[in-house]
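*Asks:* If you want the building blocks of each chain, they are given just below.
There are 2 protein chains.
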Amino acid sequence: MISKGKISRRTFVTSAVSVAALSSLPTRRVVAEVAAGQKPMPQPGAGLTDAPGWKDQGIENLAKSPHAKLRDIPVRAVTISGNFWAQRREINVNRSIPSMHDLLEANGRMNNFRRLVGKSEAAQSGPVFSDSDVYKWTEAVGFVLQSGDRPELRAMAEKFIDEVVAVQEPNGYLNTYYQDDRKPLRMQPQTQTTGHELYNLGHMLQGAIAYYRATGDRKLLDAGIRFVNDFLLPNYGPAPKQPIVSGHPEIEMGLIELYRITGDQRQLELAGYILQGDKRIELPERRTIYMFSGTPFTARTKLEGHAVRAMYACCGATDYYMETGDPAYWKTLNTLWDDMTATKMYVTGGVGSRSDGEAFGDAYELPNFRAYGESCAAIGNMMWNWRMLAATGDAKFTDVMERALYNGINSGMSLDGVLYCYRNPLAFDPSTGDKIRNPWYDVTCCPPNLERTFGSLPGYFYSTSGDGIYAHLYDNSELNWHLEDGTGLKVTQKTNYPWDGAVEITVSPAKVSDFAFYLRIPGWTDTAHVSVNKKVLAGAKPGEYFPIRRRWSAGDVIQLSLEVVPQIIEANPRVADDSGRVAIQRGPLIYCLEEIDQPNGVSLSDIAVDPGRRPGEQFQTEFKNELGGMLVLHHTGALYERGAQKSLYARFGGESLKTRKIPLTFIPYYAWANRQATSMQVWNLLLQA
Amino acid sequence: MISKGKISRRTFVTSAVSVAALSSLPTRRVVAEVAAGQKPMPQPGAGLTDAPGWKDQGIENLAKSPHAKLRDIPVRAVTISGNFWAQRREINVNRSIPSMHDLLEANGRMNNFRRLVGKSEAAQSGPVFSDSDVYKWTEAVGFVLQSGDRPELRAMAEKFIDEVVAVQEPNGYLNTYYQDDRKPLRMQPQTQTTGHELYNLGHMLQGAIAYYRATGDRKLLDAGIRFVNDFLLPNYGPAPKQPIVSGHPEIEMGLIELYRITGDQRQLELAGYILQGDKRIELPERRTIYMFSGTPFTARTKLEGHAVRAMYACCGATDYYMETGDPAYWKTLNTLWDDMTATKMYVTGGVGSRSDGEAFGDAYELPNFRAYGESCAAIGNMMWNWRMLAATGDAKFTDVMERALYNGINSGMSLDGVLYCYRNPLAFDPSTGDKIRNPWYDVTCCPPNLERTFGSLPGYFYSTSGDGIYAHLYDNSELNWHLEDGTGLKVTQKTNYPWDGAVEITVSPAKVSDFAFYLRIPGWTDTAHVSVNKKVLAGAKPGEYFPIRRRWSAGDVIQLSLEVVPQIIEANPRVADDSGRVAIQRGPLIYCLEEIDQPNGVSLSDIAVDPGRRPGEQFQTEFKNELGGMLVLHHTGALYERGAQKSLYARFGGESLKTRKIPLTFIPYYAWANRQATSMQVWNLLLQA
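Protein sequence lines correspond, in order, to chains A and B. Going letter by letter, the first sequence gives residues 1 to 689 in our numbering. Going letter by letter, the second sequence gives residues 690 to 1378 in our numbering.
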């Protein structure tokens, strides 16, 4: 069943982990203790083969991944302060995560656990994937704690974790929806297809791992290991075991990250088996398309079906590639990436244009008003590109990651941190009655997903490679880490990014060292000026990492200057929804119009961007303290004077081309819908000269 | 429960039907005979109060409807020959209806009936509304037979009808899905909500009535009466009877047309009760929106939810208004009509833009590639406007009816009559893999719906009024009927409509008579020249009926000349999907581009219509014998030379405005997708001068 995904022994011999070390954990004794109500002390390291130690692992631990070019740094290694992301992260920690804790409680997510041990009388509540809400929130807390202790959050999470593990059955199973009277449905093919059992487990593993990496506390991790090793591995897999289908991909990522901790090769093999699907579970084609699973991942040729499922499957497959180097996976991953970026991604980095099935549309099907662009899908897009970047060091992946992060993801959480978008449309009309930002959704996947993403953000700033360090993202920050050879390294960034393009980077190795500092030059800049200690370096190209190879001493200063100016962007003409329209981008930020910022009575459907001025005079910038502080763009556009057409269809008379000048004000897309309900538009008509 | 829909006695006193005549039929004896396996002879007229007699009834029998301004003519009164619709109707009778008979058989639709009486071993097949497929096909045959006998079709239908009525239970119930082992589910609120029980009955009544009006054969009609009078009326309705919800409106139309035959006021009252909904069946709001039923029709303020449901509900509500004159209904109907025509209707007359829920979208949400535009919804739109026209004599309703008929409906059946569209998009890309025309759908509502519509078409050509006759549609045809005062009247039309706008109408009353001939002047023409016996008459206005009041003698000739020229149409700027784009209309026909008709290698996304020429020189017409014979339009448009942009997003550089001239060929929209798979587009970019 897993011919294409077969793990070659060679791969492992070349890796740092010895095959002999790949033994499973002695977990049965632990189970017995938990079953008896005792709480075993966390045993950091015991039975685990992970290196570096838990404190030094990043978002992913690629230390031993033979086909990763880059290695994550720990989240705690970077401190972001005083600027764009610091503000978002502060709100995330102080408002979003605590309020989500209360909402999870208020909506019965934890009572689902308590009722199974007689501590709650409440009925099961929420959809089949409700446990994952708790795990994603736990992961968010885990990432926050990796950046430094927050006792109140830690206490909340510990209470949750205690209540979760109390529910685990002696056989390792743990899922509040399929314990109790739904037990007979457990792991039935139909349940696997629609019941999110393994999806919940995947999030449990990710939450457990983030918490372990923050605290060394193995309680939830050990529960996850028991679920995998005691329940799943002995009973499910290739024949003669019972078959698995990943109804909503997520378990693949979870299993492989677990393997990176335990060294237990069976976990990696199981992920590969799941990625390939099992023919014994027969499913209609439209179901395997929707699920982006159940058929061999390596047979896929395009992105389709449920966008979050597809993105998570691609994440898992990239992880699998980084461990195995399977060329069929690499080929498929690149085919899918090309398909997405050339035909199916919004300019905001959002993906999944169709609300019907929360799915990828056809090529170039990118409606604006009806854009689905689920927050989770944009996050999945970022997570996938992070993995592709780790595999290659190619800046094209960082460009997509940054596009999604600053726009389609950042839009997903209100500026006050307590309201969330499920959909992230690129045009909006409040008269439809849609309420776009809400504190809670019964399907509440997006809010804690946003929280874990912002919690983990420092971990995305840098990677190390065998020959140096890569700088991916820019914001006021300080790195305190080391090169792969162990040499201590501090890097500080001083910048007002994304509002302007000047970044001063001070590089301070603990001792004078030869290494390469890979400076990301974003694809959106026209020019990039780089100097080190005021000496200009030539050769930096947009859309590439610029390697600065030299002997570095403490206090060396890189000056990077990117051209952060408003740009007029057009879509491929095959995007019917954007034809005749343009978007405005400045640096990594996509801008939009909200009707309340424009002159009274002006409808966004009647305005046009005027490209006819000299570049540089088209837009004036102004920093405003509103909406968390942002740079707005002023532009003298055109207003079509055609208010007269009330009918739906009319003879074209030419009069619709009459325009007059009108002052327009653009705000960053991420800040939309943070005031009163008003129309919004990213793609605006282009005034044809 | 039916406060707003209460039928005022006054209404009926003013109507032509006396209240005393509204007695129910003595049907129990008939039931007993059928139950015993005997087949009672049809008893035309017995127990019925309908007038005129069955032969002289139209699509609807409005002879006694107090609030109808116009009265239908019988289908048989008009013979269409030798031109546009004659060809479609010939194919409908000779190919579509016979092949659909075979497909209904092959797909088990009739075996569903046979299995209940032990004549088939097959399992139930098809969705819950499968019986309606048979009834709609029977209705199509009924309309065809109204135009003249077709023994082979009549034999097919009689066999079907015998097999249908054989299944009826002694209590009157008849529904193959809920007989046998699903009997306990029958008429449960959940079943009514999703099980299409009353929808099937509505179609049974419509099929039975069309067949009765063709043949006088009451077999199926009596079965329908038994279902209504013996099963439904005694047991269901306002408390203390059991409640009803119309899960898919259709029964309302059926009941009211039945009332027009039986005179049984309880049937009308039941329709009113159903239109108002019954609070005892509690449903989530999104369900009542989707169903367009379950809440008071008169509380609705916009079109939303499932488009076919909404259209059929509006049909039933208009029928109810024509019988009762309830002003709340009239207000709501006009509000909904304004909402549809000002914000939610495609230029093809198609409605229901969203595939998700087969639903109306928000105002101005009219995507082209993703247009749903179900054939049934366009038919429902035509049926509704036919009723609104009957209530008012207002030509604005005829304009919508004609738009839907020539475009969004006519596109639904292939030119060879054996393939059908379910969706009718306004742009198409075959690389998506969609197959747009198919011989059969498991949900096969559209094919027989198209067949019944084309079968009934002659009945839509004229109506009578108290003061004369209305001409609605133009095609080579002959009317042989009479005025409402009984004076015989023949009217012949000689025309090449829709290819040109000259119509010669010969009016021949049986005796010299004073009456008004209401000549429809379509809304799409800029001018209309009218003469009678070569004497020019002034005052004809587009979008109105032009009443020619005079003393008519046999052989009087009306010459009507409409301006049938290509027009460039633009949509309201709030339709984002059409902004910067135009459609081409000529007479009642919307035109489109198919890629195979354009120069090699040209993508439809790169072409633009050039409005910059003098009107009249923009397009050249050519009649081609292809595709059933059609007038194509040649136009020198513009090709954007921007093939270079392969990426999804790029900096706007101005170079995308470079164009060169290119010859384009438009075909009528209804003829699209009748050759090889190719791209299609209705709304094309407009070249901005």
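Please note that the accuracy of each hint is not assured.
As the list claims (entries may be wrong) - Just some of the chain A residues that point at chain B, by a computed CB distance under 8 Å: (1) 342; (2) 429; (3) 430; (4) 565; (5) 567; (6) 580; (7) 582; (8) 648.
To be verified - Only pairs whose alpha carbons sit at most 20 Å apart, straight line, appear in this in silico PhoX-like list of lysine-lysine: (9) A:535 x A:494; (10) B:1085 x A:646; (11) A:331 x A:302; (12) A:302 x B:1085.
Stated by the list, open to error - Over 12 Å on every C-beta distance to chain A, these chain B residues come out as not near it, computed from the model: (13) 1120; (14) 1236; (15) 1266.
Bear in mind the hints are in silico, worked out from the structure with no lab data behind them. For each residue, glycine too, the CB sits at the ideal point set by N, CA and C.
*Asks:* Now, for every hint given, state plainly whether the structure supports it.
*Replies:* Each hint, compared with the structure:
The interface hint given for residue 342 of chain A is met, as the beta carbon of that residue sits about 6 Å from the closest beta carbon of chain B, less than 8 Å. Look at residue 429 of chain A: its Cβ gets to within about 7 Å of chain B, closer than 8 Å, so that hint holds up. For residue 430 of chain A, the shortest C-beta to C-beta distance to chain B is roughly 11 Å, which exceeds 8 Å, and the interface hint is violated. Because the closest C-beta pair between residue 565 of chain A and chain B is about 11 Å apart, greater than 8 Å, the hint is violated.
Interface restraint check: residue 567 of chain A against chain B, minimum CB-CB distance 6 Å, threshold 8 Å, status holds. Look at residue 580 of chain A: its Cβ gets to within about 3 Å of chain B, closer than 8 Å, so that hint holds up. This hint holds: residue 582 of chain A has a C-beta 5 Å from the nearest C-beta of chain B, less than the 8 Å allowed. Interface restraint check: residue 648 of chain A against chain B, minimum CB-CB distance 5 Å, threshold 8 Å, status holds.
Proximity of residue 535 of chain A to residue 494 of chain A is assessed by CA-CA distance (about 18 Å); at most 20 Å being required, the pair is judged to hold. Distance restraint check for residue 1085 of chain B and residue 646 of chain A: the Cα-Cα separation of roughly 16 Å lies within the 20 Å cut-off, and the hinted pair is therefore satisfied. Annotation: proposed proximity of residue 331 of chain A to residue 302 of chain A holds, straight-line Cα distance about 12 Å (limit 20 Å). Simply put, residue 302 of chain A and residue 1085 of chain B have alpha-carbon atoms about 47 Å apart, too far for the 20 Å limit, and the pair is violated.
Once the 12 Å rule is applied to beta carbons, residue 1120 of chain B is inconsistent with being away from chain A; the minimum gap is 7 Å. Consistency note on residue 1236 of chain B: stated as away from chain A, and its beta-carbon is indeed over 12 Å from all of that chain's, at 25 Å minimum. Not every C-beta of chain A lies more than 12 Å from that of residue 1266 of chain B, the closest at about 7 Å, which undercuts listing it as non-interface.
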